[in-house]
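Chemist: Residues per chain, in single letters:
Protein chains: 4
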Amino acid sequence: MSSAAKSIDHSSLVRVSVAGASGYSGAELVRLLLSHPHVELVHLAAGEQRGRELEDVFPQFQGLISRTLCETDWSRLGRDSDVVLLGLPHGLSMAAVPELLDADARVVDLGGDFRLNSAATYTDWYGVEHSAPELLDEAVYGLPELNFSVLPTARLVANPGCYPTASILALLPIADLLGGAHVVVDAKSGVSGAGRKASMTTHFSEVNENLKAYSVLTHRHTPEIEQVLASVGGGPSLVFVPHLVPMTRGILATCYVHGLDGLGEDELVGRYRALAERAPFVRLLEEGLPQTKATYGSNFCDIGIRRDSKTGTIVVVAAIDNLVKGAAGQAIENLNLMCGFDRTAGLHGAPVFP
Amino acid sequence: MSSAAKSIDHSSLVRVSVAGASGYSGAELVRLLLSHPHVELVHLAAGEQRGRELEDVFPQFQGLISRTLCETDWSRLGRDSDVVLLGLPHGLSMAAVPELLDADARVVDLGGDFRLNSAATYTDWYGVEHSAPELLDEAVYGLPELNFSVLPTARLVANPGCYPTASILALLPIADLLGGAHVVVDAKSGVSGAGRKASMTTHFSEVNENLKAYSVLTHRHTPEIEQVLASVGGGPSLVFVPHLVPMTRGILATCYVHGLDGLGEDELVGRYRALAERAPFVRLLEEGLPQTKATYGSNFCDIGIRRDSKTGTIVVVAAIDNLVKGAAGQAIENLNLMCGFDRTAGLHGAPVFP
Amino acid sequence: MSSAAKSIDHSSLVRVSVAGASGYSGAELVRLLLSHPHVELVHLAAGEQRGRELEDVFPQFQGLISRTLCETDWSRLGRDSDVVLLGLPHGLSMAAVPELLDADARVVDLGGDFRLNSAATYTDWYGVEHSAPELLDEAVYGLPELNFSVLPTARLVANPGCYPTASILALLPIADLLGGAHVVVDAKSGVSGAGRKASMTTHFSEVNENLKAYSVLTHRHTPEIEQVLASVGGGPSLVFVPHLVPMTRGILATCYVHGLDGLGEDELVGRYRALAERAPFVRLLEEGLPQTKATYGSNFCDIGIRRDSKTGTIVVVAAIDNLVKGAAGQAIENLNLMCGFDRTAGLHGAPVFP
Amino acid sequence: MSSAAKSIDHSSLVRVSVAGASGYSGAELVRLLLSHPHVELVHLAAGEQRGRELEDVFPQFQGLISRTLCETDWSRLGRDSDVVLLGLPHGLSMAAVPELLDADARVVDLGGDFRLNSAATYTDWYGVEHSAPELLDEAVYGLPELNFSVLPTARLVANPGCYPTASILALLPIADLLGGAHVVVDAKSGVSGAGRKASMTTHFSEVNENLKAYSVLTHRHTPEIEQVLASVGGGPSLVFVPHLVPMTRGILATCYVHGLDGLGEDELVGRYRALAERAPFVRLLEEGLPQTKATYGSNFCDIGIRRDSKTGTIVVVAAIDNLVKGAAGQAIENLNLMCGFDRTAGLHGAPVFP
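Protein chains in written order, with the numbering used here: chain A, 41 to 394; chain B, 41 to 394; chain C, 41 to 394; chain D, 41 to 394.
Be careful, since some hints might not be right.
[To be verified] Listing some non-contacts, in silico: residues in chain B with all C-beta distances to chain A over 10 angstroms:
| # | residue |
| --- | --- |
| 1 | E80 |
| 2 | I105 |
| 3 | E169 |
| 4 | E249 |
| 5 | R289 |
| 6 | D301 |
| 7 | D306 |
| 8 | R346 |
[Said to hold, decoys possible] Computed spacing ranges between beta-carbons, pair by pair:
| # | chain 1 | residue 1 | chain 2 | residue 2 | range |
| --- | --- | --- | --- | --- | --- |
| 9 | B | G273 | A | A270 | 44 to 50 angstroms |
| 10 | B | G273 | C | L53 | 44 to 50 angstroms |
| 11 | D | G219 | C | S239 | 40 to 46 angstroms |
| 12 | C | H388 | A | A270 | 37 to 43 angstroms |
These aren't lab readings, by the way, just hints derived from the structure by calculation.
Computed from a prediction, not measured in an experiment: that's the story for all the values here.
Just so it is clear, CB atoms sit at the ideal spot from N, CA and C, and this is done for glycine as well.
Based on the provided sequences and hints, a complete structural model is requested.
Modeler: Following this line, the structure appears as structure tokens:
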């Protein structure tokens with residue numbers, strides 16, 4: 041495998057580059073990688089912001105790392121790096137990945153280009169043809185709780201979307217039972233999920249003291265959740281509605297499951313406990329309920345479950361930091377698995393509360 | 041009717057008093073009544089804050105109204121007022137209402153004491169015995185869109201809860217069809233719904249940049265929604281989960297309805313249009329989706345509907361200002377109906393945006 | 041005077057048009073004018089948004105006013121209106137005003153083009169030549185507390201900037217004494233002051249949970265404050281620093297005055313009381329201190345004063361809603377004075393709190 | 041010295057206990073100490089919350105540390121710890137410190153009891169007698185940028201207040217010149233500075249979308265700033281006004297200095313550069329201006345300076361995270377100096393942005 045070949049060139053540190061370093065996911069990758077014990081940051085590439093100093097674009101980094109944002113020269117990035125992390129808008133990654141793989145780099149793509157395994161479905165939801173459909177089969181969906189066994193050997197990892205991360209983790213312990221069930225995922229996100237580009241949708245005065253649903257039944261994360269749930273079980277009938285909440289970070293997914301009346305209380309709780317026990321970043325709240333702030337800046341996914349005795353509905357609530365477990369943190373978790381590091385390396389920071 | 045008897049004493053203005061004037065609902069009543077053309081504010085009563093000047097408790101009123109918060113002497117309030125508006129914690133209203141009615145005052149209770157028509161259900165959900173069960177039958181549920189025909193003659197009006205207002209209005213046009221259907225109401229509220237009393241739950245540092253579900257499946261507004269929907273149709277299987285959102289005002293109720301596959305698209309939309317046409321404060325958004333900010337400070341309830349062709353689920357989103365349509369504004373709407381005023385009197389103010 | 045000539049065409053209502061109706065100041069003008077008893081809204085003009093329905097641009101207006109945003113055809117606007125209110129970026133007003141005045145309309149300009157009475161100073165701070173310098177002398181600075189006597193006959197009113205409104209009102213009672221004094225104005229504003237255009241500066245994720253000073257010593261409102269204070273007294277040595285606060289509405293100006301040691305306590309307080317007594321929208325807080333929320337959505341300016349016995353410094357704090365007293369509300373106050381209406385017409389709404 | 045004697049008992053780890061672990065400063069100490077390479081957390085003590093699990097009080101810690109909050113038994117805390125960190129309301133520390141020192145523990149007090157070196161001044165501002173005045177001389181003011189040379193041998197460190205930290209660091213490079221100068225410090229803080237106790241002042245609905253000055257000229261941090269500045273130079277005439285900003289974390293201090301006209305531009309900038317070069321947590325922004333978010337969750341103090349050529353005023357803006365550099369982070373910086381560790385140990389985390 042390519043990375044093995046390259047491992048001769050660097051002694052103990054893995055050489056990592058970030059493309060899209062001027063975006064929020066890119067900045068979060070840098071923040072987390074700065075305290076990663078086994079990573080050497082090689083290139084930070086950006087589009088419009090190339091040529092600027094990182095600390096001018098993100099003043100929080102002054103005194104911590106000094107680096108000029110370089111051009112996104114894929115062959116150079118691939119050549120100089122063992123792993124390249126892509127924090128790019130969809131459409132750009134699929135153009136870059138073949139070249140990166142050719143240069144023997146491994147890739148974690150934080151965007152949506154390699155998450156769906158059908159090029160046709162991709163076109164349906166993203167509105168463009170897929171330019172590298174031959175890689176869709178090889179790409180591993182980077183949800184470590186699901187794919188921990190195949191991630192170590194993956195060349196190309198499709199990091200899950202922020203909503204799917206929370207939604208799928210909330211349903212994973214019972215996913216094999218969901219064939220024929222009916223599931224509503226009412227998800228709520230902070231604004232940073234929309235990225236750093238200024239728009240009316242993210243204008244402070246339009247978002248603050250405001251709450252709305254958006255992309256109702258049409259959000260691109262819908263087929264992603266459906267695909268993963270279907271891969272585990274029969275696949276439920278799924279309704280997914282996201283909402284925009286006046287906060288910067290955090291996703292809360294409230295999931296309503298109907299049709300699992302046969303599932304006993306002990307088995308229900310037992311399944312979630314089992315996930316929390318084997319997954320280092322999943323925490324099951326036995327008494328309380330998740331709140332996004334308790335995961336702030338960390339890679340945790342907090343889960344709480346309730347069952348309505350009257351209607352038989354199971355309610356599962358999951359909370360994550362959309363920029364960490366929903367993006368950069370999970371990418372590093374994948375990087376760790378790919379490189380044989382401790383899965384939690386660089387991800388030990390406690391949540392920032394309040 | 042008592043108020044008719046009293047109408048001799050005041051020429052054109054109705055004499056109105058507010059109890060609980062030091063709370064948020066009380067302050068909102070005062071704000072709105074200040075511009076009501078047919079109301080004379082008589083007494084503003086308060087508990088712990090009695091004896092203080094209103095403008096010291098609520099500095100926004102300086103220069104607009106000068107009044108000392110008086111003691112809650114029910115017989116005096118009843119004697120001096122045609123209508124008394126109660127913004128009290130549950131448990132206090134049921135003790136006061138009999139005395140107010142005896143004094144020939146009419147009452148709008150903004151709290152929960154007279155919303156449920158069964159004393160046993162009240163005890164189940166509120167944890168105390170009802171002290172005036174004989175009035176439960178007489179009390180009219182003050183949702184004008186539902187009970188506009190009986191409100192004009194009501195002596196005692198139970199103003200709906202904030203969540204039920206948004207939830208029921210979202211479902212009212214199809215409520216008669218919901219028998220046997222399955223309904224999820226995922227509701228989200230700003231913090232002012234919790235009142236003015238300081239608590240850890242409403243501490244800025246705990247709420248800001250945070251999001252959580254609370255009282256999952258156990259919130260007191262659940263039986264209220266169930267009762268009203270059941271009164272219109274067969275009553276659905278209902279799951280209700282409220283969430284606390286880092287904003288001050290606003291409720292968004294996202295409702296998921298399963299089991300109405302037979303309802304045609306034209307009829308579905310037609311039913312909502314019919315509500316919007318007859319109800320002066322319901323606005324149907326034909327294209328966009330509701331956002332709470334577009335109702336800020338106003339008595340509007342904005343509604344948007346979508347249907348998922350794949351699962352047959354109907355998604356209805358409703359937005360209100362919890363302190364206006366969800367409390368004080370609706371109470372004044374009820375007052376208007378009770379007194380024969382234009383239903384929108386005092387409620388013409390446009391939403392404050394941004 | 042032109043407006044007198046036109047008064048024949050409309051019986052009792054003044055015909056008012058708004059240019060820049062798709063911006064926040066424009067929307068606030070519409071919100072307030074909807075409840076103005078003597079105004080007929082004629083045209084709502086916009087630039088990029090022309091041709092769209094007002095309620096599509098600002099959904100809060102659905103059901104309240106139905107109007108298509110028209111093109112900014114100045115001669116038509118001038119011809120059809122008694123008064124035109126301009127909520128435009130600087131540079132656009134000076135091009136439009138001559139044509140509007142030629143069409144016998146009177147104008148209130150909410151932008152900065154006619155606030156400074158020197159074309160050279162304008163160029164220094166705004167970076168462009170003034171295209172209508174001949175009107176600078178005629179333009180009346182629309183701070184009613186200062187110019188109430190000349191506003192009734194003004195053809196062209198330069199509505200004050202948001203920061204200058206709060207800053208000057210805070211200092212007005214002692215402005216005649218400030219020659220030789222040293223004054224620091226540390227001002228803080230909500231984000232809506234930056235307008236509705238999306239930018240990195242107003243991006244929610246960049247503003248929320250963040251606080252910064254900006255345009256330190258270089259903000260365009262500095263010469264405006266200096267000019268007005270100089271016109272009343274000798275003019276102080278002034279330092280002005282604005283800050284961006286994570287809230288939508290509100291300005292708080294904290295003013296520090298050194299060098300007025302001779303001013304006795306009684307006279308100091310007496311001067312502020314005198315302002316509050318004669319100015320319907322200035323409220324002096326004798327005990328407490330201003331908070332922006334107590335003015336939310338209203339035309340009030342709340343003022344509190346303290347004196348430091350140790351250093352002799354006088355601290356004056358003033359709070360306004362930047363979109364009302366700092367923009368649209370004050371424009372309507374000016375309109376009222378220009379048209380001989382009660383100065384508070386259309387401005388009676390109580391602040392929205394919380 | 042006591043800690044030397046104790047250093048026999050623990051090999052390489054310093055034994056640290058925290059009192060007041062249920063407060064925000066306490067939680068922040070735990071968060072930071074969890075990643076400190078040389079610290080063993082011994083006891084976490086609390087008042088009302090004693091007996092509860094830490095993760096029940098602060099769910100962010102679930103899975104990271106499991107500990108029962110113990111009683112504040114001072115002799116036990118002192119006996120078992122090399123250093124005790126006190127996150128207590130003022131008044132409690134002065135009662136505890138003598139006992140802790142007697143038990144040979146060293147102490148960092150995050151409260152105000154040992155910051156002022158005069159018991160009389162303490163009584164003037166805090167309203168109570170000082171119960172341990174004999175320790176005021178020994179207590180070292182824990183601003184490492186000022187007292188780095190004496191902190192290594194200190195037994196008792198008075199950790200600076202949050203406002204004084206930002207204010208003094210902003211003025212430190214020119215403090216020796218301030219005798220006779222006039223200084224205004226207009227400071228703005230997030231809400232977490234008020235602690236975790238619920239109150240009307242910290243109620244979300246009262247703080248959100250609101251801004252106010254408070255404790256104008258009467259805040260207890262005033263004499264602290266005065267004392268430290270006086271200890272370095274002649275001491276300026278100081279005016280200090282704090283403001284409450286609707287955000288959770290962050291302090292911005294905007295300082296206005298008059299009377300340093302003789303100080304050349306090069307020397308001015310040179311002095312700040314010198315501080316930034318020798319102080320690992322001070323960052324001088326040569327171009328931009330500080331924003332609190334760029335320090336979020338970190339121990340940095342960001343500083344920007346401007347000079348007004350017209351009035352000669354120097355404007356210095358400093359930004360910190362009030363819970364880190366303004367409290368827990370600085371306490372750990374002091375701990376590091378006291379124990380001979382690298383001054384940045386445990387404080388390497390990059391700011392969390394956005």
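Chemist: Each hint should be assessed against the structure and marked as holding or not.
Modeler: Results of checking the hints against the structure:
Consistency note on B/E80: stated as away from chain A, and its beta-carbon is indeed over 10 angstroms from all of that chain's, at 33 angstroms minimum. Non-interface call for B/I105 relative to chain A: holds, since the shortest CB-CB distance, roughly 26 angstroms, exceeds 10 angstroms. Annotated as non-interface, B/E169 keeps its C-beta farther than 10 angstroms from every C-beta of chain A; the closest such distance is 24 angstroms. The Cβ of B/E249 does not lie farther than 10 angstroms from every Cβ of chain A; its closest approach is about 5 angstroms, which violates its non-interface assignment.
Not every Cβ of chain A is farther than 10 angstroms from the Cβ of B/R289; the closest lies at roughly 7 angstroms, contradicting the non-interface assignment. Residue-level check passed: B/D301 sits 12 angstroms from the nearest beta carbon of chain A, beyond 10 angstroms. With a minimum CB-CB distance of about 19 angstroms to chain A, B/D306 clears the 10 angstroms threshold, and the non-interface call stands. The claim that B/R346 is not at the interface with chain A is violated, since a C-beta of that chain comes within 10 angstroms of its own (minimum 5 angstroms).
In this structure, B/G273 and A/A270 break the distance hint of 44 to 50 angstroms, their C-beta atoms being roughly 35 angstroms apart. The hint said 44 to 50 angstroms for the Cβ distance between B/G273 and C/L53, and at roughly 48 angstroms that hint holds. About 44 angstroms separates the C-beta atoms of D/G219 and C/S239, a value consistent with the hinted range of 40 to 46 angstroms. Checked against the hint of 37 to 43 angstroms, the C-beta distance between C/H388 and A/A270 comes to roughly 60 angstroms, which is inconsistent with it.
When held up to the earlier numbered hints, the structure conflicts with 4, 5, 8, 9, 12 and fits the remainder.
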